[in-house]
Amino acid sequence: MEAPIRATHILGFALFFLLFFVCRSSPLHDLLISSAERRIDLTSHIVKVYLTLKVENAGSSPTSEILLAFPPTQVDHLATVEALVTKGKRKKTTLVRLDVKPTELPDAPNGTKYFTIYLANPLNSGESTTLEVLYLFTHSLEPFPAEIGQSESQLVYYRDSALILSPYHIKQQTTFIKTPSTKVESFTRVEPTNRAGTEMKYGPYEDHPPYSSSPILIHFENNSPFPVVEELVREVEISHWGNLQVTEQYTLVHGGARHKGVFSRVEYQSRPTLSGTSSLRYLLARLPPRVHSVYYRDEIGNISSSHLRTDSRKSELEIEPRYPLFGGWKATFIIGYGLPLQDFLFESSDDRRYLNFTFGCPLLETVVDKLTVKVVLPEGSKDPSAVVPFPVEQHLETKYSYLDVVGRTVVVMEKKNLVPSHNSHFQVHYTFKPIFMLAEPLMLASAFFLFFVACVAYLHIDLSIRK
Amino acid sequence: MSAKESSNAALRYLNTGNTLQHAFGDVLSYFILLLIGILAFSIRIFSVIKYESVIHEFDPYFNYRVTQFLTKKGIYEFWNWFDDRTWYPLGRVIGGTVYPGLTLTAGSIWWLLNSLNIPLSVETACVFTAPIFSALASWATYLLTKEVKGAGAGLTAAFLLAMVPSYISRSVAGSYDNEAVAIFALIFTFGLYIKTLNTGSLFYATLNSLAYFYMVCSWGGYTFIINLIPMHVLLCVITGRYSSRLYIAYAPLVVLGTLLAASVPVVGFNAVMTSEHFASFLVFIIIQVVAFVYYIKGILSPKMFKVAVTLVVSVGLAVCCAVVAVLIALVASSPTKGWSGRSLSLLDPTYASKYIPIIASVSEHQPPTWPSYFMDINVLAFLVPAGIIACFLPLSDASSFVVLYIATSAYFSGVMVRLMLVLAPAACSTSGIALSEAFDVFTRSIKFQLPGVSKAEIDVGETSSAIAEEQNVAGKTEKPEETSKDRPSRKKKKEREHEEKPTKAKAEKKRLLALPLVATVVSLLLLVFLGAFYVLHCVWAAAEAYSAPSVVLSYRAHGRLHVFDDFREAYAWLRHNTDVNDKVASWWDYGYQTTAMANRTVIVDNNTWNNTHIATVGTAMSSPERAAWDIFHSLDVKYVFVIFGGLIGYPSDDINKFLWMVRIGGGVFPHIKEADYLKDGSYRIDSQATPTMLNCLMYKLSYYRFVETDGKAYDKVRRTEIGKKYFKLTHFEEVFTTHHWMVRIYKLKPPKNMIRGKTKKSKPKTSSRSSSRSGTKKKNPWH
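From first to last, the protein sequence lines are chains A and B. Sequential numbering from 22 applies to the first sequence in our numbering. Sequential numbering from 2 applies to the second sequence in our numbering.
Keep in mind that the hints were calculated from the coordinates and are not lab data. One or more of the hints may lead you astray.
To be verified - Straight-line C-alpha distance at most 16 Å; calculated EDC-like pairs for lysine to aspartate or glutamate:
(1) A:K281 with B:E734
(2) A:K281 with B:E735
(3) B:K750 with B:E735
(4) A:K403 with A:E418
(5) A:K281 with B:D580
(6) A:K75 with A:E153
(7) A:K395 with A:D371
(8) A:K391 with A:E256
(9) B:K750 with B:D590
(10) A:K436 with A:E256
(11) A:K351 with B:E734
(12) A:K222 with A:E212
This one's a predicted model, so the numbers in the text were calculated from it and none came from an experiment.
Isolated chain B, as found in the complex (with noise of 0.2 Å):
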């Protein structure tokens, strides 16, 4: 509250003109600043006060683990890394396939604060990174939406930003994970391409190109930002808005820019080479084209230059007809067009669930449900319509970019759920504006109505209530704002009209604008509601829905906290108790866990660059025992464990997601069919259960034993009793189950019985050689 009275103060601070006052007032917009970027930072901390300080879900497991490596063996042993524990026996180039960003930046806020005798942990450094760069993004969405609709809309966006719960979701404490700095990155390119769009300054379009090299060393999500920044030049030129200043900020972009991404090794070629990137290079050829006609139109008469349009458009067709040939054929000659999987499934959000089921399996890829939307942006939903409009008066270059942002990234956030988080900066952004105009327009009919200046009302009573019913409307879709900016806004209202006194003739016409005081004061109580609404929402996903760390589950009954910490206790067990060189088989979601928490080897990983190997488990894992103990057995697996959650009715276990293992596994080895593990199409482990689904590894290691805690083995997550109860396992062995049962780990027996003929052959020839060196040993008396 404190922010927005000062907020407000320096408003009315800033309409006096006084350099002094003026001063006061930018202090107090940094202080605001600063004050959200606490706000940003400590609502992403609930995680670490109401659990504790550890790392969330699966992949930050990897990247703390690669910033082990990188605090202990350096940046060179980095690029070079070969990691020989996971996609055993394949490996996996770690420095050359990993997006590095998260990775340094953590490295060298741990290696400073290490140089500067603060001795942290680096786990502590990487649980507190996404905190710090979602306090980073705030500020980078003030400078975004400063330059689009001025400082009040700025500081009203970055509030937004701050608690938004689609960004908390992916920036709680302990979540370290590329989006958690990647979403800096993002806002702030487009911040700097906004602002050297405003100004033409090549200062800014470097750091902007810098900023752009740090966005492709964070996160995938940068070819994004590459298509959505030649889009906009591309809706400038065509709308004739091109200047200078577009080309000053596009240009650098895209040679410095290329050139910068293409030294990130997980990039490298791609950056010229997919069509991805294709986009930006035919605009820049645009651009330079427009630029170049500009500059001759300047210089030649209009007769000399209709002439010469004629001669350079013949060639240059030409030209353009045979590159566009050459690269047409260049992109058809590869499979997928030159585009990647996942930008594919982008585009066509049917092709993953088509080509790729491992894409479709991933449930953060799924399209999103509507709840969702409302959960992960709440009211901002419905600020965005009047966010638009409000950047349509009038449209500037930079208002048409945040129309275009918030568009495309409307579309992608329909696709993935995961892409929610790209669409976010861009709602807050508009819903900033929204609100920011919303108030202002308020305040200022309220200034209005006060009673010296009442007699201009009367003029212009009916027009004005005619307006104040669209602006009514207009209004209360965009009510979602809180409490805190109306007052802001209304100071805002206040400058504005100061600066608007000295034209009567202006003033008069704001008059217009004016609403009637009781809907006015109505409108903005509404609006105070709804963004204490969506502050209330924002505390309550922060705290209760988005920041339980999903390593550990716990819940609250009859007053006690029940935690199950069975995750870790096997984890911890494997890392004791078994060999450090033994391989440990699961599905793929538990491989960056396992090799970061156990330290032991893995067959496969969440990074699922080979889509055979996967298949090579998923089959394994549908397979009946001996079928999969040879699998297994050729892998070297010593450790298989499986997730089961009927004892305590966990729903995200493995029996839950083994039909995507038999599609996956299925996909690549055509023994395996989808059908013949679902009776009549649906999917069941109880008795009516097809009697491959109850002979398949996963079922056995699953339930093995299972009927002997109750009784009955009734399955609490498919609420029902299982199909088979009694059954023994021959290959395997039980070795270690947590204590509700959550993991359960077994051991691949030894295979002496299939090949004891071969060691008892081979025994008199390893004894006589035992033998014979213990004679030569007895020869030697001083031995």
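One chain only, chain A, in its complex shape (with noise of 0.2 Å):
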């Protein structure tokens, strides 16, 4: 497997640099989006934005780089950038993933950052290509009013621009929002602007030179609640007499707009639909198939609000926090579980063998400031490599469990703002002899030995002095 990933490495590198004399020889202008279309989806509190680009070359060179560009602010919040190009024609279309890659540009106006686009063809002059490019916000929507009561439904400020920032011109463009619900409370007008139900229309405009912008803001009402974990610690501990234990630790706060005053239990309870709407009651996790020995509990006990529904393709469990979560509210929880190792752990040639499991945080729509995915590998295992879709910092550490003597090898693997999208497989590596696994009960077995043989000697041993 380490073949691949230095291949993939080498390939960034040309790649950077092929960048690199592109950007220098030949000018962005070359190329132009003749249509791009853009749906933004503010039903939750994760942003979803859509955005399809018709991409033209009019330059005279072939190209296989596009660039997206985003305003510092909004790079921040950003979680995950995909790009699709569309293959095969009319009605035999499929789908192509694309390489999609930070990038510095030298020249780039008001601190903008790029991300490049990296075509499997390269664009000969005159040709076009439609791209589908997806990317996730977090954090950005802002509450306001920032403090709400009980009974106040939650408004939220969206902030971005009805123009699409580009390096290109782009010739003709359209924005859709869409909101939760049809209480708008005020958005920006740039003409032509409508709005229909649950949806608004900034557009179609024409022919807009490269970097422009028009900032509008959005004030409308988002009651969905907005779990973030703030912190979550995923330890996978391998066993090799055949569990799996997963341990994972959050801390989960309300994202929205803070909680002000009074909170009445009888209006809460009383009330449900008009009292407390944007709170968060529970959460649902997806876990594997074939769990077991779920448990669900804090640092002062068990939490007895739980349930599990499980059956032959996944698990659900649905969690209650110990109280409803207001804005701001905060709640540290740990989930454990154990899966059957051989759903999960595969041997390829020679003793190495590779754990494939999902990397983000089980729970549906949360976001992730940092995620923390610990690996324990069996003690007496070697050579350890992760593979992960996507960049994430890796270190070594050593745990030490029951009655270990030289300690496990713990993989950590450390990644910020997370999407339920980074829910794909990550793959650790690594060499493993059986043997070891009887260490540890071959040790208490001689030690039980030594006791009763320390046992027998003391009874058959006269140590008086005097006789």
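Both chains come to you apart, so use the hints to assemble them.
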């Protein structure tokens, strides 16, 4: 598995240098976007943007990189960028995922940040292609008013630009914004602007030069709770006796408008539709199938309000925090469960094994600010390496668990700002000799043996001085 | 059952006298002890299996918090720990005021396991400390009873103690309290004392001092030891049973034990200064004198001895009078006569209710009722008299100690229900003796009734039947033993018979004691039945009565388990959603839990060391809203919570405890009068209640907006509609109420209305200051 990684690295470097020269040599203005359509989904607290770009190469030389531009304020909240290209004609279209990498440009105006999409086939001059780009923002809805009472609904601001920020000339563009309800307090008008039901339409706007923008502000009601996991530590412990033990420690906060003043239980219980509508009552965690010994607790003991539903394809754990979370309220808890090892651990040749497990947070519709995944390998395993589909920080630790002598190797991976789409699989490869499994039972057996020998010896030796 | 059978087998083998078989018997009795230990441990983990692995009750949360501190910061930080998160603003010196035995024990268990790379949490170590020590305690009981009446009685007593409900109530898994380890230390100290008394070995005397030291570390109840053992020594001396063994058993204990006890910070100089310890020193002096007299007697001729006696007595009396006068003067100069409040309330059961309402307000300090004896020691209560009789047949130094122990502890348990715990080991020991003796007698009778020996029976027909009747009477009272016991005892009898066979005369004597076969069998069956009843009761008590953690309430209805986890809901809310330095006020019962689970500073807690402080909180709770706000505000309190059971019918809520708050508050602040809260002497919260009651803070915080739940405001605990249904809070606001309304948390409103003028005046100042600051900033363009 190492060879492909190295290959991608080399490829990455090569591309980077290539890009560098391309940027120098061919001006960006060779490309233009003939039409762009953007759909912004504001229904949950994760802002989803679907961008459809029709890119045309107006220059003379073929190019295979297309730049996406983001204002610096948005880049901090950008969780993921994906680009897809449609292949095939008409009915037989398939979507192909493209490489997207963050890029630095030397003369970026106003600190604009870039992502480069690498096309599979270079775009020859005069040709055009259609790209589907999806990107997600977290923490982009600002509650206003920032503090609300129990029975008030939660209003938020969303800031963006009516025009798509792009280093290219855009001939025609439209933006659709979907709000969770029809209740919109105010929105900036950039004519032509229409609003119908839960959707707003900005545009179409014709012929805008590169880097043009027109700020808009939308103030609307979003009563969905904003579950944010400030920190999540997932520990996956492999036992070759057949179990995979997962322990997840959550620090959960409601990221919406802060709760202000009184919390009245009588109102909350008697009028659930009016009072505390944006409060976080329960969470749903999607766990792998065949999960067993699930527990849900916090530092002061078991939390009894949870339900587990299992079927052959998935397990769903519905958990309620100890108390409903209003804006700004926090809770910490631990979820732990065991899984059958054979579902996740696979053997490759000569004692190489690899674990295949999901990376992200199992809670649905949840933003994770900081995630640490620790894979605890069994004692005696060697040469660990991790393969993760996106960049993460990695290092190794040693952990001592039940009767360990040399300690277990722990592969630690850290990533910030995660959304549910990061729930993809990662692999950890390592070498393990099955004989190490017997180390601890043998140790215990010999300890008991020695104890009995000592007893026998004590009973048969006369230590008295006087006979 | 296997244990019992094996014990039978062991005993049978013992009789043969063969060394191999003898060793085999030893191994078997160790095996039985091991099984008893496992039984003691496993009967206590019902709470973990039925509920969860969690710390129970109130005090254990404090111990748990101290243990966490110890494991995190180490032993030196622990000794010097000044806790500023409790008794705000006074704080509390934890290191010097806590009995460290339990904490150090659990801390070392945790440390040991972790150094073996067994990563158990501190909580787990704490939860299982009590069951582990109850196994040790049953082994200690074996030691104690074996020294008194032999191994059979020892095993029986150990078995009884392993499952005695009184001890289970304090040592289920999660009940992480001082008593859990202290009872082991208590029995072990007594056991070693008897062992020393029987052997006269300095080795055991030293061990005894160490066990006593451990007891002093663990529990304030150590004063019981240091008074009971001198009493026994005195008894032995007076009854002419003085021996060098007695001297060796007692003198090292006092010298070493007092030195060691004084090195425990919480005891310190109390070990020599307070009246609780005087008895031991007095007896120490007496035993020195007696020893000296015996020594002199040995080396002098009788005549010379008489002369010496007159000389010594005249001089000695003068010295003694002087010393006693000084002592009396010293003691009398102290207001409590040198006794602590709790000890005094033991000696004078009415003392606490007269002078210290805080001690009297604790339910475990009340005198027990008869049902609680039946609940806590069950059939042992009927076996104890038989055991005492058995102790007198014959009376030895050791058995007289057990008699003394049961007599004093029976008295103490009658004063405070909590001290039932001290009675339990004594009751188990005597009952073990009684059962063992009873089975001995019955099985021996059966043995003589067997066809082979029936000839002798006829000779002694009349006398034996007469004796049999007597025995039956005794046997009936002794029934509570278990089925398991009868088999081992039978074997014992057989053993004894075997031993006695060589001397025919002895055998004849024994035959005189033989009972009719039918009576014996019936008695045995009744004993077995009684034992089975005891086992059933103990298992029931362990599983149902004593294993529920009081922080979580649960009940079964309509086939579903309903859980009221409101306490932890409230504590978790406080922990995560208030500032870490906020002060939280509540009645003192919840202080330990608040500091441990919510990690917030409390005003008062279960360590009731400062009566005035508790009275302040009690006064605030009994005052009208404005006055209460003033009191709480002066204590920097930001949140106040009350426990309210009226919605779901939880009876031990704050409204039911309220009269104690009034009493304790009124004891220090006389403007609070209990009579103001009572209507014609009865405590009520309905429309007949007094206006003082209906306007006090406790009433308001408990019933705020309660009427909106059902429209009638029906209180399920008091079974009545409340008196005042619609009212508003002016100085407090509700910030959190748990799911079942059991905990209601209120926040003190900020004092803006009262000092608005001041803030207005001060505003220009602050603004000018800030503007000047920003002005200076502006001057520096680089900032």
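Evaluated hints:
1. A:K281 with B:E734: At roughly 12 Å apart (the allowed maximum being 16 Å), E734 (chain B) and K281 (chain A) satisfy the hint.
2. A:K281 with B:E735: Within the cut-off at roughly 12 Å; holds.
3. B:K750 with B:E735: holds, 10 Å
4. A:K403 with A:E418: Measuring from Cα to Cα gives roughly 13 Å; hence the hint holds.
5. A:K281 with B:D580: Since the Cα atoms of K281 (chain A) and D580 (chain B) sit roughly 15 Å apart, the hinted pair holds (cutoff 16 Å).
6. A:K75 with A:E153: holds, 9 Å
7. A:K395 with A:D371: Given that 16 Å is the threshold and the Cα spacing comes to 25 Å, the pair is violated.
8. A:K391 with A:E256: holds, 14 Å
9. B:K750 with B:D590: Violated, at about 25 Å.
10. A:K436 with A:E256: Between K436 (chain A) and E256 (chain A) the Cα gap is close to 14 Å, so the pair holds against 16 Å.
11. A:K351 with B:E734: Violated, because 21 Å separates the two Cα atoms, which is more than 16 Å.
12. A:K222 with A:E212: Within the cut-off at roughly 10 Å; holds.
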